[in-house]
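Residue numbers (the numbering used here), protein chains in the order written: chain A, 1 to 386; chain B, 387 to 792.
Hint data in this document are derived by calculation from the structure and do not stem from the laboratory.
Treat the hints loosely; a few may be bogus.
[Unchecked claim] Label-pair ranges, simulated between beta-carbon atoms: (1) Asn89/A <-> Arg530/B: 30 to 38 Å; (2) Ala516/B <-> Gly117/A: 41 to 49 Å; (3) Asn556/B <-> Gly117/A: 56 to 64 Å; (4) Thr311/A <-> Glu751/B: 55 to 63 Å; (5) Arg728/B <-> His141/A: 53 to 61 Å; (6) Phe91/A <-> Lys526/B: 52 to 60 Å; (7) Val142/A <-> Lys526/B: 50 to 58 Å; (8) Lys786/B <-> Val38/A: 53 to 61 Å; (9) Val119/A <-> Glu650/B: 31 to 39 Å.
Everything numeric in this text was worked out from a predicted model, so none of it was measured.
For glycine and all other residues, C-beta sits at the position ideal for the given N, C-alpha and C.
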Amino acid sequence: MANVYFDHNSTTTIRPEVLSAMLPFMQSQHGNPTSRHVFGRNARDAVEAARAQVAKAVGVQASQVVFTSGGTEANNFAVHGITAGSARNGFDKGQILTSAVEHPCVSKPALALQAHGWVAKSIPVDESCRVKIDALEALLHVSSSLVSVMLANNETGAMQDIAQIVTLARTQKVAVHTDAVQALGKMDVDFNALGVQAMTISSHKIGGPQGAGALVLDKRVDIEPLLYGGGQERGLRSGTENVAAIVGFGAACELAISGLQSYREKTAALQAKLDADLRAMGANIFAADANRLPNTTFFAFPHIEGETLVTALDKAGFAVASGSACSSNSGEPSHVLLAMGVTEDLARGAVRVSFGSNNTAQEVDGFLITLQQEVARLKQYSAIAA
Amino acid sequence: MTTGRKPIYLDYSATTPVDPRVAAKMIPFLTEDFGNPASRSHAYGWVAEEAVENARNEVAKLVGADPREIVWTSGATESNNLAIKGAAHFYAPTKGKHIITVATEHKAVIDPVRELEREGFEATFLEPDANGLVSLEKFKAAIRPDTVLASVMFVNNEIGVIQDIEGIGNICRENNIIFHVDAAQATGKVKIDLEKLPVDLMSFSAHKTYGPKGIGALFVRRKPRVRIEAQMHGGGHERGMRSGTLPTHQIVGMGEAFRIAREEMDTENERIRMLRDRLLKGLSEIEETYVNGDLVHRVPHNLNMSFNYVEGESLMMAVKDIAVSSGSACTSASLEPSYVLRALGRSDELAHSSIRFSIGRFTTEADVDYTIKLMKEKIAKLRELSPLWEMFKDGVDLSKVEWAAH
């Protein structure tokens with residue numbers, strides 16, 4: 001059985017260089033970075049070196065990087081922390097505007113804050129997954145505390161025009177957060193060029209380990225912590241630093257940036273091949289008109305269930321996703337596709353392929369052959385059922 | 387180090403090395419078995435999910451819980467925040483807004499409680515007795531009709547004393563108070579049986595028990611069911627109580643660490659007790675030393691001692707050949723004397739000149755003997771230079787001396 005992994009937006013394999021950077025911190029270098037003895041100082045040095053690597057990858061100073069346990073925590077921290085910070089500064093509890101295609105770890109904390117006096121509103125998107133700028137403009141007429149729009153969508157790979165969103169929000173003096181978890185390592189991510197006040201990134205989507213992420217902050221933003229305690233991360237995120245994972249995250253950032261050009265070229269070539277053949281086979285490719293990440297294609301065949309197709313593909317040795325991993329146990333059609341106006345029936349057929357830099361053209365060829373067979377087989381069944 | 391050798395590690399309460407068996411179990415999940423446990427559509431995800439559930443069983447087994455009562459977090463700090471803020475917010479509307487905790491808790495308990503105070507809750511920070519233990523009478527007296535939550539740590543991180551969790555838990559049950567226990571320093575050191583212990587929420591950490599950093603768990607009782615408001619929202623992982631991709635390798639590491647703890651703690655703790663008692667005996671031969679905290683209700687791993695008539699910072703500088711901590715690691719960057727020792731009624735001077743020795747799995751008898759010898763030498767040297775020591779030896783009662791201001 002072929003064993004081909006096409007689910008890199010869910011999680012990635014760890015690069016060997018990353019693993020070797022981490023191993024000493026899982027073994028002999030075991031200090032707690034807060035300890036003052038040599039074990040602690042070595043751990044502290046490693047964390048700070050990684051912070052510099054992460055900062056460099058997104059064009060900021062090391063002191064702007066706050067390490068967290070991952071993207072989910074960083075997104076929760078941003079939404080909770082910026083709104084709480086504005087309330088503590090005496091501002092009214094306004095709207096929290098999140099795009100209709102955000103990952104739930106942005107939209108759900110916003111909804112949870114409704115119980116504490118804020119109002120969560122969803123910014124609609126067009127059929128290509130892009131935020132409707134005029135709709136955002138209209139929403140901003142009511143007092144708002146935060147706008148959060150992801151840089152690139154995890155399911156469709158569609159990129160948003162964050163700079164334009166920032167320009168609009170700035171006229172109303174509203175802070176902007178962007179979830180760049182899927183963007184980092186796949187496109188240019190320059191914090192200052194984006195102009196946002198906060199940005200989330202994650203380690204395990206770029207060849208680093210699970211268990212580390214960061215919130216990158218504009219120094220002028222007032223933010224309250226999500227976790228209180230020992231005062232690590234300059235009081236913004238308490239808890240003993242996950243030294244090994246942070247070291248791995250730093251190493252992964254460095255590799256992701258140095259390899260970005262070749263990553264883009266390689267995955268874009270695979271994507272072009274995949275997309276052309278999918279179209280020829282009669283598939284709908286979602287957000288096809290948007291600027292998309294070079295590694296991501298989200299598609300569906302009419303009348304073919306995505307879950308069924310994904311299971312068949314897995315048996316044939318191809319690991320793909322039927323939606324985002326986090327919601328893939330829910331059985332609900334993708335909220336992203338529904339927000340784009342895709343019908344529920346077609347949305348149930350959705351399959352996501354997300355490449356990594358190690359995938360090859362041969363793997364894509366093999367995948368397409370299998371896909372063609374499976375689609376033909378399943379079409380027969382659905383014809384019988386109909 | 388001039389010798390080029392690492393100092394002897396006696397700071398196991400700050401963090402433990404990862405046991406080599408734990409590291410070996412983790413590494414495959416960083417390489418071939420790298421899937422996201424939430425991926426339901428392929429075998430990479432299933433393998434990761436199975437590993438996560440096996441680890442959950444191991445964690446549950448060590449503490450006598452049902453695996454369904456274990457929620458993964460990024461560590462004990464997050465567990466404490468989730469338990470305290472989560473339960474306080476959930477139960478405040480029906481019960482009230484008063485919280486009882488202890489002045490000697492870890493900052494990861496005290497600071498979330500302080501945050502709740504800013505939100506309008508009221509908190510009582512109980513002062514323990516001079517031995518570090520909370521008296522049940524004092525605890526009872528602090529209860530109000532609107533007391534919603536109590537949080538008391540199982541084992542203190544600085545002085546190692548073990549609180550009467552069963553006694554306090556029973557009082558909480560009688561008064562319909564949600565009871566949270568920070569057990570970060572307890573796993574593998576004291577027997578925990580949550581089937582019997584009247585505790586509603588309990589925080590755990592892996593890296594204090596030979597597991598990796600960045601992973602912990604919260605026990606949330608099912609019978610009677612305890613509810614908490616999630617602090618991290620998202621993909622709905624961990625039955626909605628804690629969203630976020632599960633770091634499989636770290637979870638596997640925690641499971642293996644807790645399995646080893648369950649199987650080996652009885653024999654290991656006896657060995658560690660012998661070492662600690664040897665250390666205590668050796669250091670007690672030095673004049674004017676004081677053990678901080680009760681010696682009976684205490685984990686065998688901990689010895690916290692104050693050395694009178696030596697200055698704290700000079701002492702730490704002098705004993706660089708051993709890696710120990712003065713105060714807890716989390717506050718040792720500041721020069722404030724330990725708030726835990728002050729809560730026991732220790733003077734600032736004695737608090738400043740305290741050292742926490744914490745012994746663990748890889749400590750040897752030779753390490754202990756070296757430490758005793760080093761401490762004896764260095765303290766003698768420091769005292770030789772100390773005018774206070776000279777006055778003390780001359781019989782001057784230093785508490786009655788009126789110092790000139792300058």
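Enumerated hints in conflict with the structure, sorted upward: 3, 6, 8 and 9
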